[in-house]
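Residue-level listing of the chains:
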Amino acid sequence: MKLRNIKSAHKFFKNSEDLKPGKKNQSNRVIVVGAGQVGTHIMGRLAAEGYDVVLIDEDEDMVNKSREVADVGCIVGNGCNPQIYSDIGLNSKDLFLAVTDSDETNLVACHIAQAFGCETKIARVRQPFYKSDNETPLNDEFWKKMGVEILFNQDLLTIQEIEHLMENPGAIDTVFLHGGRDRIVAYKVKPHSLMIGRRLIGLRDVPIFENLLVVAVNTVTDINTKTSISNRLKEHFSTGKKSKKEGLKTHMLIPRGDYKIKEGDLLYLAGVRKDFLGIGHLFDPGLIKEFTRVFILGGSILSHQLSQYILQHYPGKSIYLIEQTKKEAYLASESLDPRINVLLTSSHDIETLIQEGLDKYSIFIGASNEEDDNVLTCLLAKEETQARTITIVHSNVYSHLIQYLEIDATVSPKSLLVEDVLKVLRKNVYDVLSAKEHDAEILEFVVPEKSIMAGQRLRDFRFPENSIVAFIYRGESIIIPRGDSVIHCGDHMVIFSLRSAIEEVQNIFLN
Amino acid sequence: MNFRVLSTLLGLLIGILAFFLLIFTLVAFFFYSSEYQAGAFFESFLTTLVSAIILILWGGKVSEENVTFREGFAVVGLGWIVIAFFGALPFYFSGDIPSFTDAYFESMSGYTTTGSSILSSVENLGHTVLLWRSFSHWLGGMGFIVLSLAILPALGVGGMQLYKAEVPGPSPDKLMPRVGQTARILYMVYSLLTILQFSLLWAGGMNIFESLCHTFGTMGTGGFSPLNGSIGQYTTTANSSALYFEVVIIVFMFIAGANFSLHYRAMKGDWKVYFADSEFRFYFILVLLAIFTISLDLYNSSLYDDFGEVVRHSSFSVVSIITTTGYGTENFDLWPNYSRFLLVFLMFIGGMAGSTGGGIKVLRIMTIMKEAIYEISHIIHPKKVYSIRFGKTYIHRDVLSSMNMYVIVFLILYVLGILILSTTGYDFETVSTMVVACFANIGPGLGRVGPTENYGFLPDYAKWVLSYLMVLGRLELFPLLVLSLPGIWTK
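The listed protein sequences correspond, in order, to chains A and B.
Per the numbering used here, the first sequence starts with residue 543, numbered consecutively.
Per the numbering used here, the second sequence starts with residue 138, numbered consecutively.
Lysine-lysine pairs mimicking PhoX-like chemistry, simulated, CA-CA at most 25 Å apart:
(1) A:K868 x B:K507
(2) A:K730 x A:K902
(3) B:K529 x A:K869
Here are some of the chain B residues that sit facing chain A, going by a computed Cβ distance under 8 Å:
(4) H518
(5) K520
(6) V522
(7) R526
(8) Y531
(9) R534
Residues of chain B clear of chain A, computed beta-carbon distances all greater than 10 Å:
(10) F157
(11) S188
(12) I193
(13) Y229
(14) T238
(15) Q298
(16) Y324
(17) Y475
(18) I502
(19) I545
(20) L618
Bear in mind the hints are in silico, worked out from the structure with no lab data behind them.
Remember, it's a predicted structure, so these values are computed and weren't measured experimentally.
All C-beta atoms, glycine included, are put in the ideal place defined by N, C-alpha and C.
Using the sequences and the hints given, assemble the complete structure.
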């Protein structure tokens, strides 16, 4: 279950016209280059939403696999081969997505698409130097000349996400709106939390919750809390992936006032930045608000970027980068800021890390390219020192498993990318919650002129079941809605909706 | 080793020297004909030219394939020894320095920019000889090989090896894609600064001859002066511009002791480059600190009454010693011990990498200090990986170990040098400072080789040993030491 920030998508909200639902791109055709995880995921979603998707990849097996799961056109071939585009008649109305694992392939593919006159071209990149910086000559204009309309830097997105998690101690997941001023943050209710047993009704009378709204709860039902991690893992591996999680079921709901908070619940709170200060420890009494050291498991471009970023944004914190090979270690110590401490040691050598100061006041980030290493080292660090752990996962293999492990937060760069791309394509969508069983989305709508909603109180105007208004923007002001908030014409509403209710919500605003 | 290629390359080097000798013959003939030295220069010119022609005729064709590391190092190492030989001819032929050992010592001291002299009274020498003596500083400062690279494109083939072997510093900058272009730029910057200093001295009232000699001595960080009392003579003869001359010379000594690629970038308009460079900052602070503490020491000693006087003398001596120039205004051997010792320590440090100065070089000192700190903190952080960084640039591990080895070998050779020269029977202070003064290309030491003394009293063998130490120091040990490996001479 992941929420996303919307920084990169935000610049496409050029005017309120774009926020009207149902407004699709001129063309229905999308060219997706690259049938890796990102490509197939995006392709699947777009196909489900009625786009005609053409998938291009060199690997025939991958293409065939995609052909089986979704109704898409498939071409086996190099994404940089102009012949392919000439054959399919690429034109200005097509949407072009280059999302292979290779930065250079993506850039060249976009460049070729530009030569065909294609207008909207999106490229996925990873190298830190492929970024648009408006302070330098390498601004948006430059990338447009290069043939890329939107550059999605996967590593930068990941760093942003980690930054948000660090900024909100105790948070499991975050969605940042409007550059971080408004946000939706998810907290897990830990054992002995003050929140256990409280009902949502009356929660907002408590001063600290005055401007916070619980928009959704992801609750665990029938959980056998006595089961240890190892038993769960054993259970998982012995029973196989398909018949998993007997007795462990999570589901997301939009809570009513009488909802009683349980241990293990994941609460999504909407609010303004300042109101989240000090919220974390209400959910986790053992939460450490301040950290002194950051340990990053290295060996990737991402880890280098991340350590530089944290150094700049958290001055005075000690940063340790753990490298496992001599070559990587020297590369890091030669190229990164000298204030970053590079340790050459095995990821499982937790003793050394403890000697260097890994303790419960530390944050441990598993940011290597090996997700097994990330997950295991995080578990080890948690077990030995109670440090706060954030792990980066690259595939979906573990995603359903990780939520049962003692890892504080997980970040999946590929999902971040998929969701960001979808956000841009769907314009009024702020965010996509993409758990397997129950997808939810955060959407923004404008209350149309002469709408029947206008003038009514939220309590009286019954929004569809499984959806909730999270924010109301009126001119410059933000309203965290209550039952007696009145709807005006021209209000921008951010709506948190489960997938089942999305269509209903859209219909309200269309009429 | 391809001896025929070596012969051709050496022939070319000597040919360049012959060209300069021809110019000096003309100078002697037209400007100082009353001193009758044109003949001596013409003889030297002919000898050199004939040797060059023989070497080139015997030698083989130079091409990209046959100039390897071996030939490169052999040309640099032998080249310096041979050039000092031919450079000594005018001293010998003119009869100004009757002993050939002395002439060779003087010549080597010139080319290696050491500035140690065996002459007790330089003013007895002819003007052309004195000018030739100072001009050797200028040629040796930026390097004879670099000059050949700049003017002989033929040498460009194995050029990077030659260039690396001669330019001071662990890993010399290559300012341009081609070695020849880099060499030309270095000489251009060098010449511009030389012209500037000459004009400033001349405009201040120094005569053309002395201006030229002092400028050559300053820019090459050499230290030969055509006056018996060095720069201090202007004060003793109550020249009204003495202070002005000293200031100009201090400034240009400091410039010559800094990295010339910084000067090049500054000339292109990027003035910030100086203080952005950590080696320059260190060099600058080191100089200021040394001046400050020596000033305090001198002021306490009541040698001078006026604090202004103290600062003037201490800054001249500090800059003169750290840049390895060796000009003198005051006899610092009479100063209190702290000042004398500090000046000796500064001799070891020397100028910046890429300057015309000698010594261990500021960059190596900084690197070793950083390494020492890291080595100590390794005790508490055993798994931590360090790299030696200077701003955004780092020193690669391979370069690092050769830098460490450089300093170790430098100190070993220093000790060996003292041991060998102790057989002359002079006191420890004289012998130890004499060795460092020659090895680090400074000039004056303490005791019997102090600023007002000379090296003339030493036995001949000591002069040969010191000459060898000078060229070892100038070429930064390895290009010359590698010649003693038998492996380099095999075909």
